[in-house]
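Taking the hints into account, I'd like the entire structure generated from these sequences.
There are 2 protein chains.
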Amino acid sequence: MPASRPALALSLVLAGAIAHAADTPAPAKPRTTQQILDASTAEHWRALDPGNTLLMELDDTRRIVIELAPQFAPQHVANIRTLAKEGFWNGLSINRSQDGFVVQWGDPTEEDTQRRPLGSAKAKLPAEAEAPGTPALAKAWTRLPDVDGWAPEVGFVDGFYAARDPKRSMYWPAHCYGMVGAGRDIALDSSTGAELYVVIGQSPRQLDRNITTVGRVVHGMEWLSTIPRGSGPLGFFEKPGQRVPIRSVRLMRDVPAPERIELEAMRTDTPLFAELVEARRNRRDDFYKVPAGHIDLCNVPLPVRPVTR
Amino acid sequence: MPASRPALALSLVLAGAIAHAADTPAPAKPRTTQQILDASTAEHWRALDPGNTLLMELDDTRRIVIELAPQFAPQHVANIRTLAKEGFWNGLSINRSQDGFVVQWGDPTEEDTQRRPLGSAKAKLPAEAEAPGTPALAKAWTRLPDVDGWAPEVGFVDGFYAARDPKRSMYWPAHCYGMVGAGRDIALDSSTGAELYVVIGQSPRQLDRNITTVGRVVHGMEWLSTIPRGSGPLGFFEKPGQRVPIRSVRLMRDVPAPERIELEAMRTDTPLFAELVEARRNRRDDFYKVPAGHIDLCNVPLPVRPVTR
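Taken in sequence, the protein lines are chains A and B. Take any residue in the first sequence, count from 1 to its spot, add 874: that is its number in the working numbering. Take any residue in the second sequence, count from 1 to its spot, add 874: that is its number in the working numbering.
Watch out, some of these pointers could steer you wrong.
Note: identical chains are not told apart, hence a pair may lie in one copy or across any two.
To be verified - Below, simulated DSBU-like cross-link-like pairs (lysine-lysine); rule was C-alpha separation at most 30 Å, straight line: (1) Lys-998 to Lys-1163; (2) Lys-903 to Lys-959; (3) Lys-1041 to Lys-1013; (4) Lys-1113 to Lys-903; (5) Lys-996 to Lys-959.
Because the hints were derived from the structure by calculation, they are not lab data.
Printed below as a string of structure tokens:
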């Protein structure tokens, strides 16, 4: 009879490797994900920049951290920083929760003229759904060799899921689980960053290049992914009382030090990270009998941990 | 300023198509997803078999329907039918909720000898992680032409996400959002169907062929995907009080008619379904500016609707 806590798992707790043929020289045993994490040193991690990170609080417990992506959307990120500094989202709400797709927050007011003013933030921005290749982007780019149907190449830029088209020399973030984008109207350049959503289901990569992506949830994702689903069209809440109030969204730099959540993210441009990806592409623990030989971009874990001093 | 209810959406509500060059004869405008659904007739739908469908109730509101997949896992499905008939899960609980991965239910008891007996169900089954090609499977198979990194071919079998290896003539269900599998221990053949999980995040296709998949949630997925996450290893709940009680799991056939949820699912082997897939592969509504030209198996919607009489 199977154990009541079966090993169906991300298997971070499982060790071991597949056996090798006895007659050939034994190659070095591939390390497991956990062994790779344990072997990482300071150089494999980068502290998140508090000037580039949002702390979103629903209440004392439900605290969410979003790393912003100015590499891809500098004007949206600048606007979002301004909105956070001026307390734009404080007292607004999560207004949409569509199963398998997105959770979205901002000002729920229907009437344009009644909506909370954007303060010093810009009311009009260019679309930043993709970014022209710069030396900085080219340097940060780490390709994932696995095939992808949505883009000519996929990989990572500074810890963000990303894609690029080398022929056009364009880069864009990929809509994986936890990625945050700027809601818009029909026009591609109708987003300001005041209305944001996070991906909570199977990666909707069809949104890539169609909408400006501004960052990624790096902590507290579970508080957003479990918001009760809205019963209205597109998962909007039908009654104001169903909306989930937002206590505050602040730039982490503006949060008093004792209240901050200080995190570091694994760098995605090191041989250690490539080894971690391979350990996920071909699981070598005892649970997996058939290594996949492939990994989808959005299945690659991007480890984040508290800063320890 | 963007509307407060921006059109970031599955876009079922949007109509319209991209413009065509004026000098060429206008091809027929591709239909939108909604237009295709509206144009569907009885022949495009199949009623779910109440003898092959589970009704899982957490309470009066949270009612979940699971279609079983005997095509792939006949012995597991037979065992699950027996377990449901004998009320095995009634009063047991959801014991695990791991963000971005799975929600799992069954008997949480640690001690093997203390666990609820399986009754007439078998305590030992062969692994059914993949199925040898039969004429029935070959006939039911509808290939999705889009590239996939996890399997030689992907597609659909009787409304289930599936994959196959034509060289080995083997078929298996694909671990997409909403798919239900049988939790197991380290041994591939250690599942009985008593312990079940559902995929709630980015499709963990690395589990394909590594674990027996037994069906798909076709209704009420939101009640499982929003279960608060467990804080223990692998998302298990650390305190018994955090487990979510299951009122009952019954075969739909054994549910009194007035209490049943009667559903029909869109057939996946018709030209209409292929048209629907194409409408999702290349969105033609006004919201999308760059059609993706691709769709991932797990992004294909599998429409389900109440039976109307």
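Ascending list of hint numbers which this structure does not respect
Structure breaks hints 2, 4.
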